[in-house]
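2 protein chains.
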Amino acid sequence: MAGPISVDELRRLVRWDARGLVPVIVQDARTGQVLTLAYMNAEALERTLHTGETWFWSRSRQRLWHKGETSGNIQRVVDIALDCDGDALLVRVHPAGPACHTGAVSCFYRSWEWTTVSDETEGTDE
Amino acid sequence: MAGPISVDELRRLVRWDARGLVPVIVQDARTGQVLTLAYMNAEALERTLHTGETWFWSRSRQRLWHKGETSGNIQRVVDIALDCDGDALLVRVHPAGPACHTGAVSCFYRSWEWTTVSDETEGTDE
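Here the protein sequences line up with chains H and B, keeping their order. For the record, in the first sequence the residue sitting at position 92 is 183 according to the working numbering, with numbers rising by one throughout. For the record, in the second sequence the residue sitting at position 37 is 128 according to the working numbering, with numbers rising by one throughout.
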């Protein structure tokens with residue numbers, strides 16, 4: 092489905108936002124589960140490209156962050172896809188353990204199912 | 092894996108950014124393919140909750156945008172997950188057609204594979 096691009100094309104096509112960041116979706120390459128949404132700056136992308144493990148920019152701690160550096164739950168990179176306008180990345184990985192600092196496999200561990208909507212939104216402006 | 096939350100919990104737990112937006116990962120519920128990264132404001136989320144189809148805030152056009160409004164390729168919502176700190180959403184959908192304005196199934200149609208790295212980054216600081 093996805094067309095192959097070179098690492099230099101990838102570098103060239105990324106559109107960094109005003110903060111110098113790009114949002115990065117991390118997906119388990121084997122299960123397809125979406126693990127987390129994080130951010131990279133140019134240096135985090137370079138470290139990811141060179142090590143084959145995910146590096147991010149922590150907006151809360153304002154520093155580079157090697158995923159798994161304390162937990163050991165590193166993420167080995169399989170491929171990095173770029174969206175149509177270059178302002179988002181999708182990194183497929185083989186995770187060594189849970190992605191979330193809570194211990195959950197995925198950061199997206201809370202969800203609302205559409206099937207419950209008929210009760211909950213009754214009487215609203217639908 | 093994901094714990095169920097109510098629609099009111101979902102509303103309460105979303106952390107909007109300084110622009111009043113939250114990034115939204117859209118995933119095909121059947122195939123697991125990540126389709127796009129878009130943004131919602133509070134009104135887009137409400138319309139999504141009430142219609143069961145995805146609505147976004149277009150940053151380039153600065154307006155609400157009902158996915159499929161021109162193409163017909165609407166996305167029926169299956170569930171909406173919230174990440175651990177509430178500043179990203181994952182919406183799983185049944186898409187009526189391609190997600191990307193280019194006609195591609197997913198906006199992430201260009202990718203770089205890690206397997207090519209040994210050639211391309213040779214001689215760098217790895």
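Since the hints were made in silico from the structure, they are not lab data. For clarity, every value in this text was computed on a predicted model and none was experimentally measured. A portion of the hints provided could be inaccurate.
Pair ranges (Cβ atoms, derived) [what the hints assert, rightly or not]:
| # | chain 1 | residue 1 | chain 2 | residue 2 | range |
| --- | --- | --- | --- | --- | --- |
| 1 | B | G194 | H | H185 | 26 to 34 Å |
| 2 | H | S162 | B | G123 | 35 to 43 Å |
| 3 | B | D176 | H | T206 | 22 to 30 Å |
| 4 | B | D99 | H | H185 | 36 to 44 Å |
| 5 | H | D176 | B | A109 | 15 to 23 Å |
| 6 | B | D99 | H | A187 | 35 to 43 Å |
| 7 | H | S97 | B | G94 | 35 to 43 Å |
| 8 | B | E100 | H | D99 | 40 to 48 Å |
| 9 | H | G177 | B | P95 | 12 to 20 Å |
| 10 | H | R152 | B | H157 | 14 to 22 Å |
| 11 | B | A187 | H | D176 | 19 to 27 Å |
| 12 | H | R110 | B | A187 | 16 to 24 Å |
Output of the computed footprint for chain B on chain H, the stretches with three or more beta carbons under 8 Å from beta carbons of chain B [claimed, not checked]:
| # | region |
| --- | --- |
| 13 | 113-123 |
| 14 | 169-175 |
| 15 | 192-198 |
Glycine included, each C-beta is placed from N, C-alpha and C at the ideal position.
Notebook entry, point to check: When the hints from earlier in the document are held up against this structure, which numbers fail?
Noted result: Checked against the structure, the hints that fail are numbers 2, 9, 10 and 12, while the rest are satisfied.
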